[in-house]
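These protein sequences, in sequence, are chains G and W.
Be aware that the first sequence starts at 1, since it is given in our numbering, and climbs by one per residue.
Be aware that the second sequence starts at 1, since it is given in our numbering, and climbs by one per residue.
I should point out that these hints are in silico values taken from the structure, not numbers from a laboratory.
Mixed in with the good hints, there may be bad ones.
What the hints assert, rightly or not - Pairs of lysine-lysine residues, derived as DSS-like cross-links and limited to a Cα-Cα distance of at most 27 Å, are as follows: (1) K377(W) x K3(G); (2) K267(W) x K107(W); (3) K267(W) x K3(G); (4) K65(W) x K107(W); (5) K377(W) x K65(W); (6) K65(W) x K103(W).
Computed from a predicted structure; not experimentally measured.
Take a look at the letters that make up each chain.
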Amino acid sequence: MSKRQISGESGVLSVDHTLCSGTGHCVDRLPQLFTIEHGRAWLADAAALSTVDTQHLHEVEAGCPWFAITYQPRPPAPAEESSPATPGLE
Amino acid sequence: MTDATTGRAGLDEEFEPVFQPYTAKADSPWQELAVDRARCPVAHSRHLNAVQITSYSGVKELLLKHEEFTGTYSTLWPLEQPLAVDNQVFSSADPPRHTRQRKLFIKAMSASRIGTLRTFSEELANRLVDDIIGAGECFDLASAYARRITEGHIAELLGLPESERERFLYLSGLFELSTADPASHSYQAEMREWQDTLARMVRERRQAGPDSDDLITQLCFAEHEGDRLAEGEVASLIRAMIRAGNTSTAAAIVNTVHALEAHPQQKARYLSDIDRLTLPLVHEGLRYDGPVLGLWRRCKRDTTIQDRPVRAGERVFTVHTAANHDPAVFEQSEEFVIDRDWSRLPSHLAFGYGIHHCIGMNLALLECEVALSTLYKRLPGLRLRPGFVAPQAPGPVVRNWLSLEMEYDREALEGATV
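Isolated chain G, as found in the complex (with noise of 0.2 Å):
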């Protein structure tokens, strides 16, 4: 099913309609998570999201002509507990 924004472990990417002129750079570089249909991209599942490594989502949106792509990355995850740097060297 085609959506508009899709979110995954990865982050949240989306396309904006009123900026969207179906040109079709997203679909040349990531066709398994684009199509263009009705002169407007449109996003694959959300599945598809995990099988794309982030630095070609950060191309993508760098690469619309018409800055309708927006990814934004989900932040890390805390860590538990921070250890030293630089254990041993006290």
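Start from chain G and add chain W according to the hints.
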């Protein structure tokens, strides 16, 4: 000085391209471009003093390598020095300057926003056809219709005063002539004066306050990270928009009609189903004979295009119309076929590709669609005036039939009383 020859070390066996647009620009350059594309798709041209790129994959690769190739030396003229910073706008600006400018424009030029202009577009096209009918049975498509369509849209978008429109239309055409002869200074005084006029207009709009919703006023008061654009930069952005909006789209309309009239079977097919075929016709017109023949860029750091080395400092010329005729990408690539299924084809490169993808694309598509369908629906028996030979714009940058004299069956007009 970095001479283009420095990039040719080890490439002595390279073929010399046969395309010579400065001295022998052909009305139909497709054959010589096909020779270059097949034999030397990325090769140094002595004629252009630049690396000429003619394959689809080569042009697209360059457009994606925007960090290696800059437009700051102008994409329209092969300059030896970068443009003044205020004049680096759109495709002649690099990120982050380019990104900032584009973000300010993008909402106004988006498909959803431009879609709201459709009623205006249809009324303008119909009014112009009324004027053509009122004037007689022969008319020049370029001056009486296509340029009026584009000038009307740009003026509407920018809120240009009626008194300035005619002059702006004339001035926006000067760049096209100047690209054919970069060494000539004959247009520079007028183009500089135009820049001053626009800068004055920007100053006046700033003084008038932010309440008007025209694009010039919006740009005057747009803020990016707390800063407003300088007056000179706003003036350059507006000038680029008027220039590109007027000449390129008018040429797209005229070139498509020229192609359609040269292919009677395709024309008959179009007339049989205008509503369904207009959009694929527009894209085929842009692919087959788009308004941008080629554009200049300069290499910023050593790289390759299609594995051929290109050195920092070398000038590069991308031949967009050659890429759009590449048989590796388009079947029947040298044929004009108006019912291609564009949803299944790679995009043509008439609007470029990548971060510099033509920001006016949605406006251009709307104008072409409305202009072509209105013209062929309303003027029965529309045809080129027999014996008329259309003049082609000179130089390597532009494809534009400067005049296209046409006639139609006046007595067959709906409700005709003549």
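Can you name, in rising order, the numbers of the hints this structure does not satisfy? Failing hints, ascending: 1, 2, 3 and 5.
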